[in-house]
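Protein sequence lines, in the order shown, are assigned to chains A and B.
Per this note's numbering, the very first residue in the first sequence carries number 1; after that it's consecutive.
Per this note's numbering, the very first residue in the second sequence carries number 122; after that it's consecutive.
Treat the hints as calculated values from the structure; they're not laboratory data.
The structure displayed is predicted, hence computed values, not measured ones.
Check before you lean on any hint, since a few could be wrong.
Claimed, not checked - Think about it this way: if two alpha-carbon atoms lie no more than 16 Å apart in a straight line, the pair counts; the simulated EDC-like pairs of lysine to aspartate or glutamate are:
id, chain 1, residue 1, chain 2, residue 2
1, A, Lys85, B, Asp794
2, B, Lys964, B, Glu824
3, A, Lys23, B, Asp820
Here's the letter readout for the chains.
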Amino acid sequence: MGTKVLIADDEPNIVVSLSFMMKREGYEVLIARDGSEALAMIRAEKPRLVLLDAMMPGMTGFDVCEAVRADPEVRETRILMLTAKGRESDVARGLGAGADAYITKPFSTRDLAARVRDMLA
Amino acid sequence: MMTPGMVLGAAFGYLLLLFTIAWYGDRRAAQGRSVIDNATLYALSWGVYCTAWTYFGSVGRAASGGMWFLPIYLGPMLAMLLAWMVVRKMVRIARTYRITSIADFIASRYGKSPLLAALVTLITVVGIVPYIALQLKAVSAGYQVLTGPSAAPVTAWWKDGTLYVALALAAFAVAFGTRHLDLAERHEGMVAAIAFESAVKLVAFIAVGAFVTWGLFDGMDDIWARTEAIPELRTLLRLDQSAASFDYAQWFALTILSMLSVLLLPRQFQVMVVECVNERHIRRAAWLFPLYLLLINIFVLPIAFGGLLHFGPGQENPETFILSLPLASGAHWLALFAYIGGFSAVTGMLIVETVAVSTMVCNDFVMPSLLRLGRFGSREGGDLTRLLLNIRRTAILAVLMLGYFYFRVAGEAYALVSIGLISFAAVAQFAPALLGGMYWRGGTRAGAYGGLIGGFAVWAYTLMLPSVAKSGWIPAGFIDDGPFGLTLLAPERLFGLAQLDYLTHSLFWSLLANVSLYVGLSLARSPSAREASQALLFVDVFRRGGTEPVFWRGRARLDDLRALAGRFLGPVRAQALFDEHAREVGVPVPDLVADARLVDRVERQIAGAVGTASARVMIESVAQEEPLSIDDVLEILDEASQLRGYARALEEATGELRAANEQLKSLDHLKDDFMSSVTHELRTPLTSIRALSELMLDDPEMEAAQRQEFLGIIVSESERLSRLVNQVLDLAKIESGHAEWHNADVDLRALVTDAVRATSELFREGDVSVALDLPEAVPLLRADPDRLTQVMLNLLSNAAKFVPRAGGRVAVTLRDEGESLAVSVRDNGPGVPLAEQATVFEKFRQGGDALTRPPGTGLGLPISRQIVDHFGGTMWLESEPGKGACFAFRLPLRPDGKAGGNDNGHESADR
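The following block holds chain B by itself, in its conformation from the complex (with noise of 0.2 Å):
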């Protein structure tokens, strides 16, 4: 046993470090770099979701139930794995709209509704309260289990250490929960602890973990073989507990009943869309949590089964077994630190959950009721911001000190023990109207009231009740014999449904009952103006990019607005929401005009603050509005969408127009290389021209040999120009489409073979053996044969320019394929680099470098491709540096539409 100063100087002692580091990440925050920006730290801080009824609670259910501990992971490991895209969906609604709580988020779907806000708030206080109760019982119950059960029961409420927690964690959450006016703003200290919490509890958690499995035992298979052994444990390894067959109906209900929990509990809604820093982390999330609750149920069987094994069953209570074990085995340090990893799931879950559930119950149920007085009416009074934040301060403490009273009230009871599924199945209320409202635009408020209400009475009638109940508060008999002895209304076998466990039973009629009326009510009555256009906004929320209808009309006086901002936002938050609007509408502040987009953007702004549908009332009140109908929706809608197809157009015209200058700008650039690289070529012969006639005609006197010399390279020199020349010509007109072409019909074997012959002289020269490979014949061809003499010779001179010195082979086929001929020129050259590869087909890429290179202009491929482009061909290079080149072409036998050149009569003879 260990002391209790030790324990509670512990507890009291991670306390001030969570407070140290929220303060960090707030102090972080406000230097711009957050700390949570971080898609492991955002998956962390999901981890709320398992607090001490997971902590010690899953341990207690494993011990009794084997098995059926796990569905309520499995679901909202499903839930993120399947519908990730339901949370992104959320988080766009939310952060467009501003929605700080689920609450805010129903009834702003259903046209900014205050009675239904209330509605879900009473629900949600309803359901979760117990929990919170729940949490602080376990801090107390685990204070025992390492005290010893010397420290008699506590009686005087001040002197019990529970209460300390509670006021502690009170003025944690007040301190960096209600930071900022704007809830829509991220609490980044608050998130930063909540994921440390989250990351000790797992450590711990896995901690006593390996410690029972190898520590107390030789591993898993030891445990299990062990808990074999005992009759009174062996049917816990088993799924089918009992006689009967495995309950599908119950682990379906469980795990639906987790999954729909892990999106609607007020504190999971918190840490995953209000503090969401951004959209793009979800996705991480959406495996990284997972994860994490895999990670920490591993060892909730180990952990159950050693402590049925190491004490007996019925001899401790299993719940606290993660205490109980270590301590009982002399590892006190053990047990202290799985002691902290529970209080951390207590501490992490009552922190967010009341700084959630605080936020609805100061702005769904007080600050209604403070706007409907006349001192906080909206054209007098002051500056509202600091009465704000003290109403959520004050409501963050009553919601611990109710969660306190209940735990004091009805610590033993029924009701505390079975109350986490209770609180899920009362949240699960939310998810026809949620998620409904999110992807059906049918959806209304009536349907919304209709399904909670009808949901939630089922859910209090099926499942609050008999937990009353059977706590002793009130007659059981009831339960088992209905309501005036009506047993067809038996809270538990409602209409005589007697399969199913209580849970699923309640859980079945409440959705039933639910679901039906939410969309019986929603199909009876079309929705009015204001539904439907926040229905638009909802559910296609990610189909408008940045411009959006605002669904209002009226009058505003600009000051009135002014005024309204400030005592809402404060001072100095107004001026900045005006000159930034001023800014982007490029107007000065006062010329302002108070457009329908101005009132939307101040309405959405005090929404972050007091919630939609007060903020909704606020503007009603300074402003004239018109009321809208259907069709004045309609026509806003198709306004807006009519925007956007300009705005495309407009796009779309300046890309084109963009695209088509790029064209030229780079045709522009491309003539200019040309004339550049032609005037080059030019001027190269030129000056060797020109400088030796200048030579020679300055000296009369040159010796005759020198003379000589001189004649020969002008004469060369001339030549090199009128070839360069002429093909230059041959290029312009084949691009252009004015050159002649004399078609015939041409045997391309004869063809390739005079080819050959006629470059013989220039093979045997450099010593370079040629070897043909043709067939026996091929078909005629229509073409110009002499456009395909000059294309072959050209490659011929290439592979002869390139081969080696000593050793040069060249290969030339000619191939049938049937539709086409295929000619091939191979040599044993260099080949050409993988750099130039792409673009040896250009105009002046010249081969080779220029000390080896053989004379030549550059435009012989081009030339011969523009040629077999033109018969409707292709020609290529096959190339592997170090191996040789191979160009080729292939020739269509029939080539399609006009490839064949003006074949009828039309050409001339002067080539």
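Only chain A is shown next, with the shape it has when bound in the complex (with noise of 0.2 Å):
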């Protein structure tokens, strides 16, 4: 059984490519479309990773990953930020809230697969 994986995305095309390099790369893919599915799916199934878009409607990323962080259960999952916001703050506000790596969009897919093997060495 593969390393879960989970995609948190609100755009459902970037759902398919993400979900297409994940599985490419051997992961177990599960599937969140906004950020409280997404907070629910990672206490129930526990992935290793998540790759968590910041900017999803009601519960956004930031949101969800502080949630994450002060969850002793699922404290210590791996989680890479995704982000189509591009300023400093927003980089600096992913992290604050506890993320441990962050990309922004659009994404060299390569580097996203490095990014995501590296995190899960």
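Starting from the two chains in their separate frames, assemble the complex, guided by the hints.
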């Protein structure tokens, strides 16, 4: 059984590309369409890594990140934050919320794959 | 009957309680936690208006005159309800210039005249000392009622309990009324005790009232009915006592008199003005105090009539019904409580009145004489603060002893019985000078002198002298026949004016003389510079915001000022004063310049200790002053108002700059947000396109179906990108005014129909029914048809997105409103939440949640609104959450001005 990776994004087409990549890398892929679904899935499925979109309606990626870090059960989950906003303040905010890494959209598929591999090593 | 020991014990026990309260109040004040910083306590302290004369006298008056006790309370009620602003202005003036008594107030207004202060003090002492005697008499009379007539009249003064009461009160007034040197500082402990006393007397009076009404009788109706049954008493129930008709003049005179006295009695000035903690309390006190008066008067008539019914008319002194009624009914404790209530009325009045009067005596009689003596002259001599306090303490004792002496000499005389109103009439003489001085710049010192002397003289001749004569101290013949047989000058019928009762008569003539002299002399000669400048400071006290003019020119030495302040304020306070001034000016104390502002400051502080007039004399003695002319006063005033003008202009300019800066900041912020949103919207489709392309590039072996799916996504995301780019550019053009408008005569009915037809495919897919409600024909409209179609398509596609999956309904209406045409598109979707309604026309605000949300850029509505705006129309949303949304717009048929756009062939075709 492969390593579980959760993809949390509200853009269906981005989910398509991310899940294709992750499957190609040999991970078991879980999908969440918004923040609260993502958090519920993290708690239920305990994936090793989450690809977390920062800007989701309702509960944002930042909120999810903070909730994860505050929950002793899932605190160790690796979080890679994805954002379409590239401002310095957004990066700082993501890292402040407790993300392990931060990648801006659009991303290079190779870089992303390498990053994920590193984080799971 | 009760034993003397019990009554005396209760009285002194009560005094002990007062000391405790006052001590507690002062201790709290020292800790900075004022107990009297409270509108209710402030209003209660005003209750010092109700003295023994109220407590015992009202019942007495009611027993002989029915409703005629009432005007004395109606006046103050009216005064407070109508003229609380006058009190507020008095407080503001007194605070600003550290004025501590009514004599000081009047003297300061008319150029800080020591002589005027002395005159006011003289009138006060003459008018008030008998009033103090009256209070002491009440203590003694009440005592006799309680202990019974067996106690033989005390002849030896050292055995008289009243003397010891007076001494105890003097001790109280000394202990709590002369704590600070600066009189402008409040006596919090004293005020707390006074407020307590007001509560005690109110409760006691109501307790006896209730006892009489419901204990001895069957309620008020019973008392009225029984009174009505006795012929001698029946007339008391009517307003018109005598055979003649109702005496409006007397009723009016009494009301006016008490209206004035509530503002002008020294004790009222003390509690209302000097002891005011917070100006805002005045508004509340202005209706609480009338309420207090109402409550304390409710049971006056029941007690009076109850007493008359119980004892029979003429059997007992009605003034002591409040004691004798409970006593005769065996309610000894209630009688004792009622006595304590009366005692509290007495002590409250005596304490405040002596503190107030002794302030005047000290500052306006003693200090001016002392300062004239060489030893107290300005340049030599040490700290005078201790001496000052001792003078004030002696003055308190002297005033009380004067009252006691008067009581011993004239205890039973007519002069004492009627003294309440006579005192009122004396202080009423201050009204023209004081009120005129607050509201009329033209009032002068000569006018004030003339008015006060004239009014006081008439008062003495028509009211004081007859009362002395009626007491049998001088032959009474002149009252009827006039002096030397000149009936025209008969003191109670001056110039043959016989229709009025003696009080109204006196009030009429004295105030007539007073006002005429005040106004006449004021108009006769123009005021001196000092009078004029003080007039400006008083009358316009509310008009100056912080920067008040200082009407002083001259030279002074800093060392002289410091020495002077040290002598009158004590070294500690003087040092604090100079330190504070240095801090405000921003230079160290030794480098201070003794300019007008500093001189003024020192003068005001000294005024708080010795009165404005003496302070003026002291400053004159150390400074070389230049005499001011009226022109100088005007010049100084002009400078001050110019300064104020500059300050205001500067403030306005700063405000404008700040607003502009805020606006820029918020614009910058908006632009930032917009850029960030656009970036986000552009990057999202780009992300899919790039990722999927890379994935295909990396994997040439990818299955055809997979490749096909990815390519499909790439195409649709590219379309999304171009749509977004187009709309952003479109919006930018419209907003910057560079958009192209191809105007033509538009048939809006046809346009709406076409738009609905164009979107019919969209609706058919979703199984949505579309209802059209259009008039037969509408007038043509000058606008860009393509743009309006864009608006319609946007609204229709929005509706299509948000209607429910099954049973979706959209209603499109067009209305001819005469001046304009209105289009609405209503759906039966979820509606727009209230929180989002305000922002729905903002950029990148997409409705619904992302999961179910159909693709959109979040720019459709902002663009539509811009288009409608361009043609002079309006677009709005009506939505109740859960009941669908209705987007509508209205276009005027004849847009005013430019709103038609560049309609004149300037348009090119590149759209």
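Structure-based check of all given hints:
{"no.": "1", "hint": "A/Lys85 / B/Asp794", "verdict": "holds (11 Å)"}
{"no.": "2", "hint": "B/Lys964 / B/Glu824", "verdict": "violated (41 Å)"}
{"no.": "3", "hint": "A/Lys23 / B/Asp820", "verdict": "holds (14 Å)"}
Consistency note: the structure conflicts with earlier hint 2 alone.
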